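Quick mapping for you: the protein sequence lines, in order, are chains Z and W.
The first sequence begins at 1 in my numbering and counts up one residue at a time.
The second sequence begins at 1 in my numbering and counts up one residue at a time.
Everything labelled a hint here was simulated from the structure, so no lab data went into it.
Because the structure is a prediction, the values reported are computed rather than measured.
Wrong hints could be hidden among the right ones.
Said to hold, decoys possible - Computed beta-carbon distance windows for the label pairs: (1) W:14 / Z:69: 47 to 53 Å; (2) W:3 / Z:28: 19 to 25 Å; (3) W:79 / Z:16: 36 to 42 Å; (4) Z:58 / W:58: 49 to 55 Å; (5) Z:61 / W:79: 44 to 50 Å; (6) W:79 / Z:20: 42 to 48 Å; (7) Z:16 / W:78: 36 to 42 Å; (8) Z:60 / W:67: 29 to 35 Å; (9) W:20 / Z:79: 42 to 48 Å.
Note that CB positions come from ideal geometry on N, CA and C, so glycine has one too.
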Amino acid sequence: ETGVTQSPTHLIKTRGQQVTLRCSSQSGHNTVSWYQQALGQGPQFIFQYYREEENGRGNFPPRFSGLQFPNYSSELNVNALELDDSALYLCASSLGDRTGELFFGEGSRLTVL
Amino acid sequence: GDSVTQMEGPVTLSEEAFLTINCTYTATGYPSLFWYVQYPGEGLQLLLKATKADDKGSNKGFEATYRKETTSFHLEKGSVQVSDSAVYFCALSRYESWGKLQFGAGTQVVVTP
Numbered sequence: 001e002t003g004v005t006q007s008p009t010h011l012i013k014t015r016g017q018q019v020t021l022r023c024s025s026q027s028g029h030n031t032v033s034w035y036q037q038a039l040g041q042g043p044q045f046i047f048q049y050y051r052e053e054e055n056g057r058g059n060f061p062p063r064f065s066g067l068q069f070p071n072y073s074s075e076l077n078v079n080a081l082e083l084d085d086s087a088l089y090l091c092a093s094s095l096g097d098r099t100g101e102l103f104f105g106e107g108s109r110l111t112v113l
Numbered sequence: 001g002d003s004v005t006q007m008e009g010p011v012t013l014s015e016e017a018f019l020t021i022n023c024t025y026t027a028t029g030y031p032s033l034f035w036y037v038q039y040p041g042e043g044l045q046l047l048l049k050a051t052k053a054d055d056k057g058s059n060k061g062f063e064a065t066y067r068k069e070t071t072s073f074h075l076e077k078g079s080v081q082v083s084d085s086a087v088y089f090c091a092l093s094r095y096e097s098w099g100k101l102q103f104g105a106g107t108q109v110v111v112t113p
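Isolated chain W, as found in the complex (with noise of 0.2 Å):
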């Protein structure tokens, strides 16, 4: 079945530091993928997203790059900031099956000042 692979938190980072989340997946076809954000209290909320190979998702900052060969989808900041700390969560979506994404555990992110 289809997976979703995540590098464990916290990652702890200092304001303006460059972050990288890995992100890989298993599944077979083209499936979409997304990362999503989950501020203290908060719901979830789309970062950003990617349709097909190679397609560049970008918001706040934030990129991704969908890597079919490599099966990955990475995310990365130049700069973060303190109110960038939160979870994030890699996950993926099939066209046939749009209303289930498959997330991965989550990694949380902690900027200090």
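Chain Z extracted, bound-state conformation (with noise of 0.2 Å):
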């Protein structure tokens, strides 16, 4: 239990909605950030946000767009959905100490049709 919370855990989509993404940090944790993780293969980095600025993104286009809120809770927030958007969508959070150590909510299921 790493006390990072997303949600939903489940949703469904068509192509070209829109769509948000919840995450709350761990307690104490002024960093989030966010992975796509497609079946079968490794996290990949989407971006980050440290006390509510964007600090480092991914090869993401910019229909990606999150948002950190002043009690480091974030949103993730995909325009224009593509099929091959659907993936496990996996929030981290860490205390910013720069030592990698990053802290797991369970992830959002998105399954665009």
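Both chains are sitting in their own frames, so use the hints and assemble them into the complex.
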């Protein structure tokens, strides 16, 4: 149990729609990172938020956007959904102490039809 | 760019057998190295880590040594249990981008009674 909670756990959308995924970080953690894990693959870094500002981004198009709130919870928004966006989306929080140790939630499983 | 390569699975073992999962990396400088484990239906959990060359990470009977000369971080356990059945991910991160983990593709381990 990492203390990182994500919602919803499962959702189904159709191509072209928009989705918002939510994450509550572990108490005391000021950094949130988002990852996309396609079936049978390792997680891919989407972006990171540190104290409400984006602090690093992976190779994902601008239709992937995020937000971090003053309580350090976070949202991942994906616009104009494509079939390839079907994946498990993982949120991870950390202390921002540069150790690289992340605490992951159980993920949100997105299916795009 | 940075990359992590780990042996393909599934790896099927009998209980009490010896487990090795190979992991090699490509990166400049001195990244931190991690093993994360993903049990069925759960999020990723940090298993062990090493932050500098020759460091040995250990946890729950698992060990891995950071070998700079061979750019490797192989995971070992002397006697596996059925409860060790999971997907294991090798990963690296850099000090300057600590929230960004570069994962390998994962190795599924199946331990049979």
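Here is how each hint holds up against the structure:
{"no.": "1", "hint": "W:14 / Z:69: 47 to 53 Å", "result": "holds, 49 Å"}
{"no.": "2", "hint": "W:3 / Z:28: 19 to 25 Å", "result": "violated, 32 Å"}
{"no.": "3", "hint": "W:79 / Z:16: 36 to 42 Å", "result": "violated, 52 Å"}
{"no.": "4", "hint": "Z:58 / W:58: 49 to 55 Å", "result": "violated, 30 Å"}
{"no.": "5", "hint": "Z:61 / W:79: 44 to 50 Å", "result": "holds, 46 Å"}
{"no.": "6", "hint": "W:79 / Z:20: 42 to 48 Å", "result": "holds, 45 Å"}
{"no.": "7", "hint": "Z:16 / W:78: 36 to 42 Å", "result": "violated, 52 Å"}
{"no.": "8", "hint": "Z:60 / W:67: 29 to 35 Å", "result": "holds, 32 Å"}
{"no.": "9", "hint": "W:20 / Z:79: 42 to 48 Å", "result": "holds, 44 Å"}
Violated hints, listed in ascending order, are 2, 3, 4 and 7; each of the other numbered hints is respected by the structure.
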